[in-house]
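Dock chain E with the ligands against chain G, hints included.
If you want the building blocks of each chain, they are given just below.
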Amino acid sequence: MLKAFVARIKQGYRTYPFPKKKPSLPERFKGRPVISDSKCNDCKKCISICPTDAIIANGNKIELDMGRCIFCGKCEQVCQNKTIIFSREYSLAAGKREDLLLKSQEFKSAESLKADMLKIFGRSLKLRQVSAGGCNACEADTNVLSTLAYDLGRFGVQFVASPRHADGLFITGPVTTNMKLALKKTYDAVPSPKIVIAAGACAISGGIYSGHPEQTNGADNSVPVDLYIPGCPPNPYTILDGILRLLGVGS
Amino acid sequence: MENMLKIYNCGVNDFKNVPCLDILKFRQTIIEQVNSGLRIATLFAMPADKLVCVLADDTNGSLYLLSSKVSKSYPSLTPACPQAHLFEREIAEQFSIIPQGHPWLKPVRFPDSSLIGITDFFKVAGSEIHEVAVGPVHAGIIESGHFRFQCNGENVFHLEISLGYQHRGIEKAIRSGEQKRLIHYMETLAGDTTIGHSLAYSQVMESLSNCYVPARANIIRAIALELERLANHTGDLGALAGDVGYLPTSSFCGRIRGDFLNMTAVLCGNRFGRGLVSPGGVNYDIDNSNISDLKQRIKAAFKDVSNAVNLLWETPSVLDRFDDTGVLTQKDCIDLGVVGVPAKACGLERDARFNFASGAYQFSQIPISTWDTGDVFARAYIRWLEIQKSVNFIENELENLPDGQTLSNPSALAANKIAVSLVEGWRGEICHTAITGNNGQLLHYKIVDPSFHNWPAIAIALRNQQISDFPLCNKSFNLSYCGHDL
Ligand code: SF4
Ligand code: SF4
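As given, the protein sequences belong to chains G and E, one line each in that order. Residue 2 is where the first sequence starts when you use our numbering, and the numbers rise one by one after that. Residue 2 is where the second sequence starts when you use our numbering, and the numbers rise one by one after that.
If we strip away everything but chain G, and leave its shape as in the complex, we get (with noise of 0.2 Å):
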């Protein structure tokens, strides 16, 4: 017991002060892309190259797809007018899908949920994870939030066992054929109102699966989606960020 509060000191006090304080994230993090028209030659490389398809040409300007988008940085590399650049901006959440759609103008970032939802969630929103396909990354940088370094609960936020506590669904992966039932069942057991979430590029857009006949392209072809976090997976503040967009709170 002793020795477990020796630890306990030694192991100090580790939460990180977000949103109050930004956190740093790697020097080669990629995080929201910046597009200048401008510098664009048309060359169509970059297209050619997105694993994804998350780059279109409209006219002689591009625009980009975040929820299309793994952040594999491919287009970066490939274009030698640096028409495309990936910032390490780490704020990427949006509440409509098509605010996600990245063109040379500002970013609109996620609102806060409407004031009669907002008195209901604002304080206290407990969310259930359906995990319906993808590669578990998305899952993994989830599961971190409630670790002591990022202490969602904080907020109030809380992951759940079971849908009937749930105030909304945290969803992550394509939504594969063989999970619709499951997502739909457990959508179904949360009571109303509810929020949902769609974390990583295969929640919102199928990702690298998307066009694959065992999966459906991503959760907002079988629920209604509140928040779209892109990423692939994203970075737990990126997560962390959504939700307190979603929520009202400070960043």
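If you are wondering where the hints come from, they were derived from the structure by calculation, not from laboratory data. Any given hint could be a false lead.
Unchecked claim - Computed beta-carbon distance windows for the label pairs:
(1) E:S97 x G:V35: 42 to 52 Å
(2) E:F122 x G:P194: 29 to 39 Å
(3) G:N222 x E:C21: 41 to 51 Å
(4) G:K186 x E:Q389: 37 to 47 Å
(5) E:Q363 x G:N222: 44 to 54 Å
Keep in mind the model is a prediction, meaning the values are calculated, not measured. Positions of the beta carbon are idealized from the N, C-alpha and C atoms, including for glycine.
Below, chain E with the ligands without anything else, positioned relative to chain G:
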């Protein structure tokens, strides 16, 4: 051994040199060789009704290849060779080749979604027997799968595991010739094993294109593979502590795991190592400031993890729950062809880094850690032993990083070849096999995640255990659902 073609890890040979035996001879050879100590690394069917098997000899690092033509059915290997059991079910599901006399011929991944989870589950009858069904959606943030227990009170008579919920058709997509996503499929076969699988894939591609990998790249790969092991082992020890309600280690390790993931992010920007490994080497080099950063981080994290994990071995209430729980005997391990942590926890020296050394492990050996009690304690303790060795390895390699390139440019794949690559991922042996066609295109690609070998072992370890110990036993294996379902 005249019935088999011998190669070494990352070896390549003409596909036509793989002996093509009569099916009865094929069957008999596998059974005899497994009885004499080899094990099945992979066994699969490919178009034109061909079966291919790779047998591994842990004692001398050799791999033996053999094949056979089959028509619609053949006499099953499983009754005489239980480790073929899941492979044969997969063959039946993917290619409609029926292993006759297979005692447990059920779906593996339920490619027909309308039938997901519908199978004739094994039932124990009796007035005091009850059935408990868990999943696909579980209580925590974990992947989806279905577990069916036959219990007498608290006591589990039988557990049946039915997966397939994470099936997203990767092997089929690879076979259809998809190119742009290939490396991304490999990185996400099991997202917590990004380095392990992308390395196994890269090695296969390098063998097929006779590509030389710079020494510096090999070492960065090995460092990344050990960081992956460190993160996952640390996370598992924390989770095991959590499952027995010992919160100090559980909460410390949850954070320290993140420290290891963040070291991988120093290498390539992504905590899971996405984008790092590529055929030909690695996509990112590290400079001196990265090296000193890593050295400092690994030292600090090791200090923290030692402090956190050693509490486990000193706490009687933890040991009481770990000892003698979920015992897997060495015989069961051998029969089922178990690999990785649970095999080492039964005293089996199965570790591809040592037995089938490739890349940097050919020059810097990591001795195999074993324990012999086969219980939750042993599986936990193996992780701790491996953590210490991995830290030691990384520290040494960072000291001695040779100069030079980190990426060479692989040429086109050679035609009509077969190549096999084994990598010791943190869960155990990963096996990738590739076969090329007339134009050097990928004719067939077969992936075996260590979980594929090990899932049946959980069911055996659970027999006569308390059902309340299931989470603890399950965690002590911590197998991948998506790596199994593909
Ligand atoms: S970073 Fe995103 S947009 Fe660019 S190539 Fe990769 S997936 Fe496509
Ligand atoms: S979005 Fe990427 S990281 Fe998340 S589950 Fe899908 S493949 Fe894995």
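A quick look at each hint next to the structure:
1. Distance hint check: the CB atoms of S97 (chain E) and V35 (chain G) are about 51 Å apart, consistent with the given range 42 to 52 Å.
2. Distance hint for F122 (chain E) and P194 (chain G): a CB-CB separation of about 37 Å, consistent with the stated range 29 to 39 Å.
3. For N222 (chain G) and C21 (chain E), the Cβ-Cβ distance of about 46 Å falls inside the hinted range of 41 to 51 Å, so the restraint holds.
4. Take K186 (chain G) and Q389 (chain E): their Cβ atoms lie about 45 Å apart, and the range 37 to 47 Å holds.
5. A hinted range of 44 to 54 Å for the beta carbons of Q363 (chain E) and N222 (chain G) is consistent with their spacing of about 48 Å.
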